[in-house]
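Novice: Take these sequences, add in the hints, and give me the full structure.
Chains A and B supply the protein sequences, listed in that same order. Following the numbering used here, the numbering of the first sequence begins with 1 at its first residue and continues without gaps. Following the numbering used here, the numbering of the second sequence begins with 1 at its first residue and continues without gaps.
It is worth saying that the hints were derived from the structure and are not from the lab. There may be inaccurate statements among the hints.
[As the list claims (entries may be wrong)] Stretch-level coverage of chain B by chain A, calculated; a stretch enters the list once three of its residues show a Cβ under 8 Å from a Cβ in chain A:
| no. | region |
| --- | --- |
| 1 | 83-95 |
| 2 | 101-111 |
| 3 | 232-239 |
| 4 | 392-402 |
| 5 | 435-448 |
Being a predicted model, the structure only gives us computed values, none of them experimental. Ideal Cβ placement from N, Cα and C applies to all residues, glycine included.
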Amino acid sequence: MTATPTAAAPFTTVIGLEVHVQLQTRTKLFCGCSTTFGAPPNTHVCPTCLGLPGSLPVMNRTAFELAVRAALALGCKIAPFTKWDRKNYFYPDLPKGYQISQFDLPFSSEGALEVVDPKGALSRNVRITRVHLEEDAGKSMHDEGAGTGDTRIDLNRAGTPLCEIVTEPDLRSPQEARAWLNELKLLLVYLGVSDCNMQEGSLRVDANVNLHIPCDGGRIAKTPIVEIKNMNSFRSVERALVYEVARQYEEWQATKAEMGKTPKQTRGWDDPAGVTRAQRHKEESSDYRYFPEPDLVPVTVSEEWLAATREAMGDPPSVLREKLAAKWKIPPYDADVLVNQGRELVAYFEDLAERVGEGKVASNWMQQDVLRTLNERGGSIDAFPVRPAALAELIGRVAKGDFDTSRAREIFAEVLASGRTVDDVVASMGIAAVDDDELITLCRELLAANPRVVADVKGGKEQAAAGLIGQAKKKNPNVNPGKVRAMCLDLIRQM
Amino acid sequence: MQPSDMSAVDLVNAVRQGDLTALRATEAFLERIERLDGQINAFLAVDREGALRTAAAIDDKRKSGKPLGPLAGLPVAVKDALCTSDLPTTCASKMLAGFRPPYDAEVVARLRAADAVIVGKTNMDEFAMGGSNENSAFGPVHKPWALTRAPGGSSGGSAACVAADMAPVAIGSDTGGSIRQPAGLCGITGLKPTYGRVSRRGLVAFASSLDQIGPMARSAADCALLLETIAGHDPGDATSLDLPVPAYGTDLERPLEGVRIGRVPAHFGAGLDPEVAHAVEEAFAAFRAAGATVIDIDMPHADAGVATYYLVAPCEASSNLARYDGAHYGHRAEPGKGHRAEPGRLQPAQPVSGHRAEPGSGQGNASGGFESALVEMYCRSRAEGFGPEVKRRIMLGTYALSAGYYDAYYAKALKVRRLIRQDYLDAFEKVDLIGGPVSATAAFKLGEKSGDPLAMYLVDLYTVCTNLAGVGGISFPCGFTKGGLPIGFQLQAPALAEPLLLRATDRYQHLTDWHRRRPAIAARPR
Numbered sequence: 001m002t003a004t005p006t007a008a009a010p011f012t013t014v015i016g017l018e019v020h021v022q023l024q025t026r027t028k029l030f031c032g033c034s035t036t037f038g039a040p041p042n043t044h045v046c047p048t049c050l051g052l053p054g055s056l057p058v059m060n061r062t063a064f065e066l067a068v069r070a071a072l073a074l075g076c077k078i079a080p081f082t083k084w085d086r087k088n089y090f091y092p093d094l095p096k097g098y099q100i101s102q103f104d105l106p107f108s109s110e111g112a113l114e115v116v117d118p119k120g121a122l123s124r125n126v127r128i129t130r131v132h133l134e135e136d137a138g139k140s141m142h143d144e145g146a147g148t149g150d151t152r153i154d155l156n157r158a159g160t161p162l163c164e165i166v167t168e169p170d171l172r173s174p175q176e177a178r179a180w181l182n183e184l185k186l187l188l189v190y191l192g193v194s195d196c197n198m199q200e201g202s203l204r205v206d207a208n209v210n211l212h213i214p215c216d217g218g219r220i221a222k223t224p225i226v227e228i229k230n231m232n233s234f235r236s237v238e239r240a241l242v243y244e245v246a247r248q249y250e251e252w253q254a255t256k257a258e259m260g261k262t263p264k265q266t267r268g269w270d271d272p273a274g275v276t277r278a279q280r281h282k283e284e285s286s287d288y289r290y291f292p293e294p295d296l297v298p299v300t301v302s303e304e305w306l307a308a309t310r311e312a313m314g315d316p317p318s319v320l321r322e323k324l325a326a327k328w329k330i331p332p333y334d335a336d337v338l339v340n341q342g343r344e345l346v347a348y349f350e351d352l353a354e355r356v357g358e359g360k361v362a363s364n365w366m367q368q369d370v371l372r373t374l375n376e377r378g379g380s381i382d383a384f385p386v387r388p389a390a391l392a393e394l395i396g397r398v399a400k401g402d403f404d405t406s407r408a409r410e411i412f413a414e415v416l417a418s419g420r421t422v423d424d425v426v427a428s429m430g431i432a433a434v435d436d437d438e439l440i441t442l443c444r445e446l447l448a449a450n451p452r453v454v455a456d457v458k459g460g461k462e463q464a465a466a467g468l469i470g471q472a473k474k475k476n477p478n479v480n481p482g483k484v485r486a487m488c489l490d491l492i493r494q495m
Numbered sequence: 001m002q003p004s005d006m007s008a009v010d011l012v013n014a015v016r017q018g019d020l021t022a023l024r025a026t027e028a029f030l031e032r033i034e035r036l037d038g039q040i041n042a043f044l045a046v047d048r049e050g051a052l053r054t055a056a057a058i059d060d061k062r063k064s065g066k067p068l069g070p071l072a073g074l075p076v077a078v079k080d081a082l083c084t085s086d087l088p089t090t091c092a093s094k095m096l097a098g099f100r101p102p103y104d105a106e107v108v109a110r111l112r113a114a115d116a117v118i119v120g121k122t123n124m125d126e127f128a129m130g131g132s133n134e135n136s137a138f139g140p141v142h143k144p145w146a147l148t149r150a151p152g153g154s155s156g157g158s159a160a161c162v163a164a165d166m167a168p169v170a171i172g173s174d175t176g177g178s179i180r181q182p183a184g185l186c187g188i189t190g191l192k193p194t195y196g197r198v199s200r201r202g203l204v205a206f207a208s209s210l211d212q213i214g215p216m217a218r219s220a221a222d223c224a225l226l227l228e229t230i231a232g233h234d235p236g237d238a239t240s241l242d243l244p245v246p247a248y249g250t251d252l253e254r255p256l257e258g259v260r261i262g263r264v265p266a267h268f269g270a271g272l273d274p275e276v277a278h279a280v281e282e283a284f285a286a287f288r289a290a291g292a293t294v295i296d297i298d299m300p301h302a303d304a305g306v307a308t309y310y311l312v313a314p315c316e317a318s319s320n321l322a323r324y325d326g327a328h329y330g331h332r333a334e335p336g337k338g339h340r341a342e343p344g345r346l347q348p349a350q351p352v353s354g355h356r357a358e359p360g361s362g363q364g365n366a367s368g369g370f371e372s373a374l375v376e377m378y379c380r381s382r383a384e385g386f387g388p389e390v391k392r393r394i395m396l397g398t399y400a401l402s403a404g405y406y407d408a409y410y411a412k413a414l415k416v417r418r419l420i421r422q423d424y425l426d427a428f429e430k431v432d433l434i435g436g437p438v439s440a441t442a443a444f445k446l447g448e449k450s451g452d453p454l455a456m457y458l459v460d461l462y463t464v465c466t467n468l469a470g471v472g473g474i475s476f477p478c479g480f481t482k483g484g485l486p487i488g489f490q491l492q493a494p495a496l497a498e499p500l501l502l503r504a505t506d507r508y509q510h511l512t513d514w515h516r517r518r519p520a521i522a523a524r525p526r
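Specialist: Below is the structure:
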């Protein structure tokens, strides 16, 4: 990371992000058409989203609520009065010839989202300039294969609600940008605002980046800002920024070109090639002729409604991490791992911890067993076959000394594989508690059969007793290795 | 009495009572359309079969004892700016020639639900832009009172068809006077309701913050009947008012004692035809005789009305008409040179959309061919599809909204609009209604002003402020010129005071018979 100029990176990297998030509504922003992804082209359309003559928009209140939820979680101020504007431009996937968006009075502004690394390496407050709502355009596909030059338009997506989140240029490295995006995504998924599926276009990122380079005499040279588009994953955001930082530094060394002297450039990220490429830019700057949308009425937001929305929102991940760590006395690292897996997993953990009565034990099982298995098997925690009650029973029986942890893992695996209950599996595996008489008898037999071990222990080599444990398990798989060891040592001492 | 001589109120009652069948009423008007419209050109589409089928169904409904809608059997002509799923909706533009919407406008749906019989779609100025009906791509409407003259506009076809008894009532739309001015010039009664009173859903938008649909008929009572059906909240129009609809026809006969009518002396300045001034003053006298008091008032910002209107309306229009680009429906220019894109592969045109930094910017060479072909298609389709007045207003609006000009034009116009609205609020502290002329002259010849856009814009002098303020207005005949052409009178009222507008007009129409006079062309053949 290059928060401050260092010998390795003699400049400061300055990054701001513009994120478009598709809101998780059932219907579009201004009509009743479905927002389901993947339907045959032009089947989720109506006069309004087709922009037919005479059609009118009506605001989807749920979309507004979701957007407000996101803005509240980002600590934004919510405007008591917000209006819609038309952004005018011609393109075939924009059937009205304008996009309904928000220009000078966005519904929210001035928030922040901290990016936190539990190890403390990355921690920065990233200010949010504004969050506004707008409708998405359709999709254009240029069929240039058959030489027909046809362009195909799918308007299923046209009118889908988008939340645009714009940050201040507060990020200082590509890694930090990626980490911040992860945190943003987690937050939005937690709030049920968006599924943030980048493959389906539910989350799109543009990045603005330039370098601040200290020069002689204390002057700071700023390289021209470049906007990077076409990044399809957080990984490509990081890669594109790493590439762009290097490219800008090289270019600066060669040209000494500074911001303001050349126009802002837009570059597209070519993922397979791993490079950004300049996009054709217009000579004149664009003019969208924004003006207030006369077909919609302004939206007013009351304090009561805001309070109710805040109430219904639930904790954002940052708060949940702290609460979880404090309540269950688990290290911040554990809380981070658990929270980053999503709200459902946290619910599973809390259920388990409640039953087990000890947070750290539950957390260890979550991380070492549940998460590992989930990662291998895929699927959601809600569909995970071992429910908290069963797992808690297993952990409880280990604590009671019925069997050891490794034996418990075998049971866990068997429960997962067979779908049977813990009791069933325990019974079928012949697992039963070994009482002290049984144990003494078993240990006496072992000592009688292993005079050498007895001699070694008596000679001061206590570790020789370990050799007895394997034999004990062969005779009775249910014995607790710790108990066998302790009992044998006791018996030898009495001999 | 012939059905075509009956008032809409009487006609509906006759059908309800079984004295007249819906079929006979419809046939009577269709017969007149067939006979007269060749000379008038009021209709862009006549739905003879559909109308007769609907009428027959209404008669069957009555025979089987089912309840009839409030407009049962009433033939209605609908301005071609309203979407109809069974008839083309062209807005009198080549751009939408033959366009058939997949849905009915809310007003059309309400008419059908009320058992009205839609006989056809009426001619208009293209996209409702104009005051003479000469801006129709399908030829001008001829004024029934003098065929060489303009019927006014933009709802000229609706006004003319009612004036010539080709329909008892018609639906118009009014953005800056498009109902009231042609009603005045054609000697009929036309009401522009309060903004939001009637749903705009399915009305092809000209200027969304000004457009309003309203009734056009031979009397205030007939307008009241029609308004009661078309007014009311529509959840599909965010600007529609969620307020109960009064029974407009029930309070018409209450005398005008105590009603204060404002008279604006500035209306009688230079430019107002003396014959019109005389008839308007006579109308004020008649209102006094009916018990009203007339009070002179001042509307200080009225003189900025036309300038304000010709910024607000074109700005909104430039955006509203952007959708007519040839890409999805309507007129598309035949491909010319450069249409074909360079060979390549199927690729997303815009990976990130909804916030395109550069409108129309491609991503390199492969889509460059597409971009230029696209721009060419847009330009040519719009050049061919739109008429000169529409283009003029799109250019005016585009210019006024452009960066660097917005504050000087559009933003300033919005400020003046607020002042005009305040004028009305102040005036309605002192008076209940504002009276005056509808237009400065009683008629102009076809072609007389069409070469001079500015002269044509001044035709809207007395009507645009009503729309800018969002209040209601009505116009009705108050006399005739020596040449036998109708002169109109306008009343304006506070928001939602349609009952008073209709009542005052109805009271006037009980004292006078101007509204009963028919043009010679409407006389039945011997």
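Novice: The structure should be examined with respect to each hint, and the outcome stated for every one.
Specialist: Hint by hint, here is what the structure shows:
1. 83-95: Result for this restraint: holds, n = 3.
2. 101-111: holds (count 4)
3. 232-239: Holds, because 5 residues of the region 232-239 of chain B bring their Cβ atoms closer than 8 Å to Cβ atoms of chain A.
4. 392-402: holds (count 3)
5. 435-448: Violated - the region 435-448 of chain B has 0 residues with a Cβ nearer than 8 Å to chain A, which falls short of three.
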